[in-house]
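First to last, the protein sequences are chains B and L.
In this text, residue positions in the first sequence follow my numbering: the first is 1, and each later residue adds one.
In this text, residue positions in the second sequence follow my numbering: the first is 1, and each later residue adds one.
If you are wondering where the hints come from, they were derived from the structure by calculation, not from laboratory data.
Some hints here could point you the wrong way.
Claimed, not checked - Quick look at which bits of chain B chain L covers, simulated, 3 or more residues with Cβ under 8 Å: (1) 30 to 37; (2) 49 to 61; (3) 66 to 73; (4) 85 to 98.
To be verified - Simulated pairs of lysine-lysine, PhoX-like, Cα-Cα distance not exceeding 25 Å: (5) L:K261 - B:K89; (6) L:K261 - B:K83; (7) L:K261 - L:K178.
All residues carry an ideal CB built from backbone N, CA and C; glycine is no exception.
The primary structure of each chain is shown beneath.
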Amino acid sequence: MRAPIAGIALAVGLAAAGLLSLRAHAASNPQVVTIKLPATTVDFKPGPNVATAQTNCLICHGADYVYNQPALSRTQWTAEVNKMRNAYKATIADGDVDKIVDYLMSANGKT
Amino acid sequence: MTQSRRRFLASAAATGTLVASGSAAIAAGGFVDLPMTNGRRPLAKFPQKRELIVQSTRPPILETPFNVFDGSELTPNDAFYVRWHLAGVPDTVDLGTFRLNVGGLVAMPLTFTVDQLRRDFPATEVVAVNQCSGNSRGFFAPRVAGGEWANGGMGNARWRGVRLKDLLTKAGVGASAKQVRFTGLDHGVLPATPQFMKALDINFATNPDIIVAYDMNGAPLPLLNGFPVRLIVPGWFATYWVKMLANIEVIDHVDDNFWMKTAYRIPDTPGNTVTPDQTGYPTIPINTLRVRSFVTNFADGDKLPAGVQTVRGIAFDSGRGIKTVELSSDGGATWMPAILGRDLGPYSFRKWQIAWTPPGAGPYTLACRATTNSGETQTNVPVWNPSGYLRSNIETYKVTV
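Same shape as in the complex, but just chain B (with noise of 0.2 Å):
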């Protein structure tokens, strides 16, 4: 269903970056805190329209948020879809709607 996370070998050494912050972070109270987050590791897997979905969805949100959905109906994506649209903002292409329904149909659907 989704892609595993495993295999990361800068694992240890962040891990070590991660204590030393620990540290310092309670010595005191910090005047500039800045983190570096983790890069998504869960892609859209091929389907029908991948590119499409890849460039409009990616944008704003990870593909993880996709597949943690339980299976929706086509009526249930193409309302998720219109939201992204129509609440915030997204610059979806009216002929590109269908589109990306039909790969989140292949991806995490319910017919």
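For chain B, the structure is supplied; the task is to place chain L on it using the hints.
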């Protein structure tokens, strides 16, 4: 060297404290299976966090593993859940340049550094549960779209900061004030995406329990929980607890921004519940927490040894305070009173425990039920609404002795 870089180094040198708190470490292959369809989630360490359940990488949405709640009533900062709406979460906050603004319909607009908040106003503390409106959404039947939490979209902390009331009084609230609107530093990726903003009625905003917090469990807030300051609205769902709070604006109308007018609405129906095919009902902004209780040392499906068992858990409500917690071992037919733990205030998790001796081997359905000092109690009828809010029915745990 750029000016901002010089300023950054100068401020770091002046205080001797620079946190480059870092780096994210994704655990090698760890995952959990939450008890719901499509419930597999990776585990990962995000900056300033221990390994948590990843609901979304971007924007970051992290769930607290439920066994954390079997520890202290106060959820450790590094285990505290995380939920952002928009991927534009600043990755750096510099207290040298950060300002909290109080403006809008006030006699005198004010601007504060965090040092000024710490120095110039009396500090106050409250222990309060912060729970996502959609906590436990993944257990809705039928399922609904959204952040598919199990029960770990919540936490309890000791928040320290200044009273919102004191800031508003200093600025001088105008006579035509209707609401106070709160905005953080986060933003959408697209400029047109509505910025996250929440509003409270002016009469409620001056409640002395509402604070602008700069400390969480005795330490600055983790960035992902809203460093440097966050609005604390005890007894209300977390959507109002605006993180990285930067603007407090007094307005003369009921706020009609997207996050108040369209999102985070609940049916204005009895119990705030509807049927999946129901339409045309009025809605209101989500507001106060509903009473809940959980077992923290057993999970559904556990096998228990014979003999006396200590069953432990937590309960909380919107601030009336927990009066009783009861445990049933027969699916809710009969109930036994639990012993309540220490009282950290009416908005806090309240621990409870009970010694239970199973009468023999076999399957049991444990259930826990909390009742508040005002008589609000849990029922076994789950709420349903299309956004997946307010889940609070009696929890059950099938165990085998």
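Problem set entry | Hints violated by the structure (numbers, ascending) | none
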